[in-house]
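**Q** The primary structure of each chain is shown beneath.
There are 2 protein chains.
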Amino acid sequence: MFTVEQALDAIIAEVAAPVAARVPLGESLGLVLAEDIDSDVDTPPFDKALMDGYAVRAADVTSGRAELRFLEEVMAGQVPTRAVEPGWATRIMTGAPLPAGADAVVRVEDTQFRDSKEPAVVAIDGAPVTVGQSIMRQGTSTQRGQRVLNSGTPLRPQEIGTLAESGRDQVAVYHRPRVAILATGDELVPVNEIPQPGQIRNSNESMLAAQIQRAGGEPVPLGIARDERANLRERIEAGLACDLLLLSGGVSAGKLDLVPSELQAAGVRQVFHKVRVKPGKPLWFGVSERSKKDANPIHKGCYVFGLPGNPVSSMVCCEIFVRTALRRLLGIEPQRPLAVSARLEHEYRHQGNRPTYHPAQMESSLTGRTVSIVSWQGSSDLRATTAANGMVCFPAGEAVYSAGTVMDVYPW
Amino acid sequence: MFTVEQALDAIIAEVAAPVAARVPLGESLGLVLAEDIDSDVDTPPFDKALMDGYAVRAADVTSGRAELRFLEEVMAGQVPTRAVEPGWATRIMTGAPLPAGADAVVRVEDTQFRDSKEPAVVAIDGAPVTVGQSIMRQGTSTQRGQRVLNSGTPLRPQEIGTLAESGRDQVAVYHRPRVAILATGDELVPVNEIPQPGQIRNSNESMLAAQIQRAGGEPVPLGIARDERANLRERIEAGLACDLLLLSGGVSAGKLDLVPSELQAAGVRQVFHKVRVKPGKPLWFGVSERSKKDANPIHKGCYVFGLPGNPVSSMVCCEIFVRTALRRLLGIEPQRPLAVSARLEHEYRHQGNRPTYHPAQMESSLTGRTVSIVSWQGSSDLRATTAANGMVCFPAGEAVYSAGTVMDVYPW
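Top line first, the protein sequences correspond to chains A and G.
With the UniProt record's numbering, letter number 347 in the first sequence gets 347, and the count goes up by one each step, no holes.
With the UniProt record's numbering, letter number 354 in the second sequence gets 354, and the count goes up by one each step, no holes.
Treat the hints loosely; a few may be bogus.
Unchecked claim - Taking CB as the label site, the calculated pair distances span:
1) G:Ser341 <-> A:Ala399: 47 to 55 Å
2) G:Glu347 <-> A:Arg269: 55 to 63 Å
3) G:His350 <-> A:Arg269: 56 to 64 Å
4) G:Asp38 <-> A:Arg269: 40 to 48 Å
In case anyone wonders, no lab produced these hints; they're calculated from the structure.
Backbone N, C-alpha and C fix where the C-beta goes; we use that ideal spot for every residue, glycine too.
With the hints as constraints, model all of the structure from the sequences given.
**A** What follows is the structure in structure tokens.
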């Protein structure tokens, strides 16, 4: 039986490197940049006014008071037609290019415009004016040809704005994986049905789809497969057209657990079955490398997870193992689950023959992070996880963890 | 001029309470529940096997060893047909209902099935068996009629799974606001064009759309409006059909800043114009309460923000002010921006005549949170924000902040 570390190693070793695809900039939020970006322009593209006011020569207004002659007006989007000579001023709007000769902008609030004479007069009464005041020089933020973003950068709004400044309305990112979700089991009924004796609702599909969506994948729900070979095989075939296929249920040791044998029949090579972890021991992982008839250049194979059917087992395995595969495909570093350290809020006794991921609530503050263990009845008790924002990892064995012990926590 | 606090108060006072709408469960991630949810079933719905194995009477296997007679087999989705009497055992699958009479499950790994006799024999050789072993009792996680989720709960995967267990394939959530984004200015060209002298690309649309998407709204990009009344008015009218309308540019004091007057002409009541904040001073906020011809019952009006055109000004105003309106419409608490405290990593001197929101990089660890000020050239320097994951707030005035000073940080 693999340890968690061995299982994660195997997933990272098997899952192919991420594949770049070009998407519209508006669909790139949260994806990872797959190309280096050099700016094709200076930003700002010219010496730019940062205020509405008058472009002047600072030497004309060192005292903060002056009367200058009005030269012309430059709106945003226009270009100055004349240089500002000593004793002159050009009306300028925020964002407009500074005229030649000018080296400062006086804000409009400190000026009065008097057009009784010809030329009109700009009377200035404010603080002493210094060279560069209320101006942003061409290329201060970014110079043409400068590297502005590196391949591997996750795209947030500020990176998306920077890409737009650099003229990229399409951008190469690592492809968002499509993740098929197939619940298996004769005991399952759709969510909108009332379960009869022996039946339960297929809650895993909705939960897993939300986990995949949150993690940056595109969920593809495939409904319920019955514990019957032909039905299962057909739906597995459909799922293998996606980048990942998650099956829930059907991987423990029972007689009707057809999933592993049907996956192998469909050409999926088993990489591991069972992991020393609680919940989630029956986890199955395999790889389908067949070329596809509907060959998508992005689709290099399908990575298949057989998740245990109990909801918290499915959820935990998705967080630890499936998300590792997703991070690899999405180009997100680090690929392994990232634990954060937090101090246990209260003493807690834990006992288990496998490492246990237990729902927990973490709080952060100026002075550090703490974690509280939430009450939890085991792998069928999904409701308990609604009081949690992560899981704390207890090693195998029995121990009393005193308040203040530093624990590894995996935030959800 | 309003302070930031006065502006936030005004936004919260003006924006209507959130409106509930029923959506498919699969579209609810990140939205806030707008109804209380009581479970319509016990979870588990019956005493349930947690392992594949044999349902037994614990009293028959107190030593861990026994030979029991084989009664029947219950698959998941089936119901037991016979009670387990002393000396008998029923084969049971994970998730299947426990037969009457049985009070424990022995895992299949500790058993041997011998069908040479009639009835067949189940030989058990493992640890002593206790009452309740490998069983989850009916209703342990949730009892029928029990409140499982309260109105106001943000929906994460575990809440979505819990809603599915409770039979909700549709759920009442607070409506996801549609947010129109309209960039204004003759100096703007689309992202895919090469700016000519005096022009810049419309990078704000892409950036604001990503900010809105990340914050849970649905961005509706409206392109570029020219500094010309008829064109601006037509696009403002289109934007007013959304829940929010963001205009970028055109709200500072320049002669061509038509936006405030055109908004008022379109029946938008100004609530405030200008806020004592840097960047972002020219911010404009107003409300359109007109009834709409294409009356959408969810659409109670439109809240209009005139954002300054410089990219970092737009970004910061969106984070502080627009997101407050979005949280109000989405039912997210608290509605005001939530500062976290972090200690300054290095000494920093700051000077400004208004409270300043400065790009900064925050790090969290076991021992607390620290924040570093990133190099930033002002409101046109968007690229600087790609090195930041939030902004630190400096009060107005000049001061030296020593390393270790506790600062308010607003994460992005």
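**Q** Confirm or reject each hint.
**A** These are the hints, each one checked on the structure:
Take Ser341 (chain G) and Ala399 (chain A): their Cβ atoms lie about 34 Å apart, and the range 47 to 55 Å is violated. For Glu347 (chain G) and Arg269 (chain A), the Cβ-Cβ distance of about 58 Å falls inside the hinted range of 55 to 63 Å, so the restraint holds. Here the CB-CB span from His350 (chain G) to Arg269 (chain A) is close to 60 Å, well matched to the stated 56 to 64 Å. As the Cβ distance of Asp38 (chain G) to Arg269 (chain A) is approximately 46 Å, the hint placing it in 40 to 48 Å holds.
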